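Student: One-letter residues, chain by chain:
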Amino acid sequence: MNKATFDHDSTDPRLELRRNLRPDDWNNPAPAGPYNLVVIGAGPAGLTAARIAARLGARVALIEAGAIGGDCTNIGCVPTKAIIRSGKLYADARRARHFGADAAGETPDPALALQRVRKVQARISRSETAELLKSEGIDLFFGKARFADHRSVRVGDATLRFLRALVATGGVLRPPAIPGLAEIGFETVETLFDRDTLPRRMMVIGGGPLGCEMAQALCRLGVGIVLVHDAPKFLPEEERDAAQLLSESLARDGVQVHLNTTAVSARTTSEGKEITLSTGGDRFAITVDEVLTGVGRVPRIAGLDLAAAGIAADPETGIEVDDFMRTTNRRVFAAGDVCGGHMFTHVANAAARIAVRNALFFGRQRLSRQIIPWCTFTDPEIAHVGLRADQAISQGIPIKTYTVLMHENDRAITDGEETGFVKIRVRQGGDRILGATVVARHAGDMLNEITLAMERRIGLRALSGVIHAYPTQSAAIRTAADACVADRLTPRLRRLSGMWMSLLRRGG
Amino acid sequence: MTWPSRRRTASPYDAGRATKGHPVTLGDLDDDALLDALQRAAFDWMLENANPDNGLVADNSDDGAPASIAVVGFALTCWPVGVARGWMDRNRALALTLATLRFFTHAEQGGDETGTGHRGFFYHFLDMERGRRVWNCELSLIDTALLLAGCEAASCYFDADTPDEAEVRALARALIASVEWPWALDRGDTLSQGWHPETGFIRYDWEGYSEALILYVLALGSDTHPVPPDSYRAWRVTYQWEKIYGHDTLYAGPLFIHLFSHIWLDFRTIGDGFNREKGITYFTNTRRAVQIQSDYARLNPRGFAGYDANCWGLTACDGPGGAMNTADDTGRQFLEYTARGAPFGPDDGTLAGWAPAAAMPFAPTTAMAALRTMLHRYPGMLRDDRFLGSFNPSLPGEGPEGWISPRIYGLDQGLLVLMIENHRSGMIWDLMRASQVCNTGLRRAGFKGGWLDE
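Those sequence lines, one after another, are chains A and B. In this text, residue positions in the first sequence follow our numbering: the first is 1, and each later residue adds one. In this text, residue positions in the second sequence follow our numbering: the first is 509, and each later residue adds one.
Think of the hints as simulated: they come from the structure by calculation, not from any bench. The structure presented is a predicted model; accordingly, all values stated were derived computationally and were not measured. Do not take every clue at face value.
Partial list, computed: chain A residues near chain B (C-beta under 7 Å) [what the hints assert, rightly or not]: (1) E248; (2) I371; (3) W374; (4) I393; (5) S394; (6) G396; (7) K400; (8) T401; (9) E417; (10) E418.
Below 16 Å or equal to it, Euclidean Cα-Cα: the simulated EDC-like pairs (lysine to aspartate or glutamate) are [said to hold, decoys possible]: (11) B/K786 <-> A/D487; (12) B/K956 <-> B/E715; (13) A/K88 <-> A/D487; (14) A/K88 <-> A/E106; (15) A/K233 <-> B/E715; (16) A/K119 <-> A/D24.
Ideal Cβ placement from N, Cα and C applies to all residues, glycine included.
Sequences are here, hints too, so could you generate the full structure?
Tutor: In structure tokens:
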């Protein structure tokens, strides 16, 4: 077999990442005050805000305590999605015979997969390097920021005066409260991708989106995974059928699933790390080589001295902001995970855009007006936007759901990707889209069409008139729209139509 | 499987069936005779597996299997059918019913770990002799409701002015009145799924369309400890009204969900607020659920053996998980006893052969076509004319059925007796119209119309 590599980029990705995102030889600029906007935190929200403001001619300072890119590039979206891709390859390889190939000899190489993760991170970091930000006119400061008063921030010895400030410091992983776990040590996504290889057996504690994503991906890369979740179904924000399909997929991949189960203690034995689990009154222990946890997140506000600037915040729910992203200090705004709520990169981005507009141009944009989709990148992906059925019913809104199974979609069949469904919820008797859930291999991409329709108030029936290229999986959305159109054909209309046809026949 | 070859007494439908020299198979019978044979065999199983001393009925055919209180509820409803069909003497039915009601009336109700019940509810599984909790099982709300529905059926049937029949009515009334339904709300809006003496309430509730419709009707209808009507509305919040395969349907995947409450409650002409809003009865909804099973099996997205429009039955049933252990070469996992469903799954190729027969009242044409097809193809899914729990033709086995469940389940047999009876005569539906608690519960849930307004 030809073992030649086609990746000619031999740069050490760890070095490149550091050079791009946290250069050792960086000299903070002399503060040029006052700034139109001081941004604290160079994660997705902070970067978006700083770049937009700079493009608009504002004098902008950006302060970062760690590395540029925040959790997204360094520990979150980017590395997790990269490892998911590797896992997906091996899952496909295991089904190769069904596609007419023999890939029996292909075995996972966790070390190579982790190396690829870092290369992907390095590749993406090239678009947000410290030098690049500087060239865009942003004064970039590395160091810990703390408010000095209502109108200035200190970074090291420097004081930055501002007309407006944006706090976008993100979140931190919530430490697990399992007795003994801190003593025996555990992995989080902050540390996992810095490993050179993966352990043989691993317990993932927490069946939220990240827990499920990592459990599946690591299992597919050959790690024996035990997934422990303290509720009866995964993904508490998703509907039952989506969680049900995910449970089946995880089991098919070989994940050992324990629902309704709580980890109650941890200790080290000669065999490894022993975690005691409790379910319905029964207790049992499972030994693994490593534990991955800390999947819950809390806003990162420690050390900012928010009180000095008159900014109200809560350790659990984060900085208090109004719908315009303004804090209790009228000059200071906040965006992203530090405000709690939906902790997604795309929400952070959207909130940052609103904050900049409202901060610098007296805008009155509201976050609550935004349609916020999200996606869990398991296989199949689980994507959601708008109201769930139970939320609509609780609000007294009569709804109807148009469901299309992916096994009714030609392209899903040709691609052997039939697991999942499209569910689009509309107000009963109408076609205004209230929400949607898509479970499919590419659900995240498919959902965007529905989000667009909701954002622009395009009714579901109108999507029936949009020609979708054939065959595509997103045509399942049009199939749902067709069903909505067909519902207009009431028995009375059908009778009238039948009479018309009869008349035509008589007329010859 | 040949006919006649079983331990059973002659049925009026046996006449003229045996042909000289040729054993008659079930498939040779006409529709009525076929249903009669299946119903009779299922009834006999219930009778053979009832403990005459306390009325408890085994959960399944395994040696030493405990009783399931739900099966007891089915059995209490079966005895009147047996009497009406001439398969059982009324006095024997009465004695068995009295033994059952007396046992539950005097059972240990302290909530002990080895007791029988608590606050009027009962543990799901009880040992057949002493009637004490086994397997650390839960104090089960739905199974208590199925038991009480049986008590209520007995109460409606034994209406004669005799001391024994009066005792049946008094004991049934007392058992139903003693259930402290609001306690099981656990300070929430919906009823909990159960309670363990060791750990308290199970953390999830009865929410969304399921077999718990009968549970809410009984809990609402109690004249001593009713739950508020709001709990029924809260239960409905997670209803899924969807258009699936072109059918407007209140979705629930496993077929048994669309059957259990319908054993006792005739939903053909009555409707609650949801029904009126959507223009559908729960009865019609079950018919659509049957069609979705058929449609799903015809599409057969997961490529399992045997599936087609006339071969379906995804429901709660036994499975090969333990026996076959792991996945096949496609990575498909095989499950143990679990609630399988269409079209979202879980689906591991395991079908309940009894499902079409149980669906007869709702979609007789579709169900009979499936019943006949499956009987023809998979005769081994029955033992002594009784459906085994399930089978999986995608897996290796001795015959075309592939893997076959080694046991017969009381729930399946009871369901068959009662659903076939409802199809044949509507007897249970008619009987239960006299139920005070069901009438009250249905009205408090917002049901109107049809026989309820008469």
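Student: Hints first: check each against the structure and report whether it holds.
Tutor: Results of checking the hints against the structure:
Interface restraint check: A/E248 against chain B, minimum CB-CB distance 6 Å, threshold 7 Å, status holds. The interface hint given for A/I371 is violated, since its Cβ lies 22 Å from the closest Cβ of chain B, which is over the 7 Å cut-off. A least Cβ separation of about 20 Å between A/W374 and chain B goes past the 7 Å threshold, and the interface hint is therefore violated. Hint status for A/I393 relative to chain B: holds, with the closest Cβ pair at about 5 Å, below 7 Å.
The interface hint given for A/S394 is met, as the beta carbon of that residue sits about 6 Å from the closest beta carbon of chain B, less than 7 Å. Given the 7 Å rule on beta carbons, the hint for A/G396 is violated: about 10 Å separates it from the nearest Cβ of chain B. The closest approach between the C-beta of A/K400 and any C-beta of chain B is roughly 6 Å, which is under the 7 Å cut-off, so the hint is satisfied. Interface hint status for A/T401: upheld, as the beta-carbon distance to the closest one in chain B is roughly 4 Å, under 7 Å.
Here the hint on A/E417 is broken, as its CB sits about 11 Å from the closest CB of chain B, past 7 Å. The interface hint given for A/E418 is met, as the beta carbon of that residue sits about 5 Å from the closest beta carbon of chain B, less than 7 Å. Simply put, B/K786 and A/D487 have alpha-carbon atoms about 13 Å apart, close enough for the 16 Å limit, and the pair holds. Distance restraint check for B/K956 and B/E715: the Cα-Cα separation of roughly 22 Å exceeds the 16 Å cut-off, and the hinted pair is therefore not satisfied.
Restraint check for A/K88 and A/D487: the C-alpha separation of about 39 Å exceeds 16 Å, so the hint is violated. Between A/K88 and A/E106 the alpha-carbon distance is near 13 Å, which keeps this suggested pair within the 16 Å criterion. A hinted pair counts as satisfied when its Cα atoms are at most 16 Å apart, and A/K233 with B/E715 qualifies at roughly 14 Å. About 20 Å separates the Cα atoms of A/K119 and A/D24, which puts this hinted pair outside 16 Å; it is violated.
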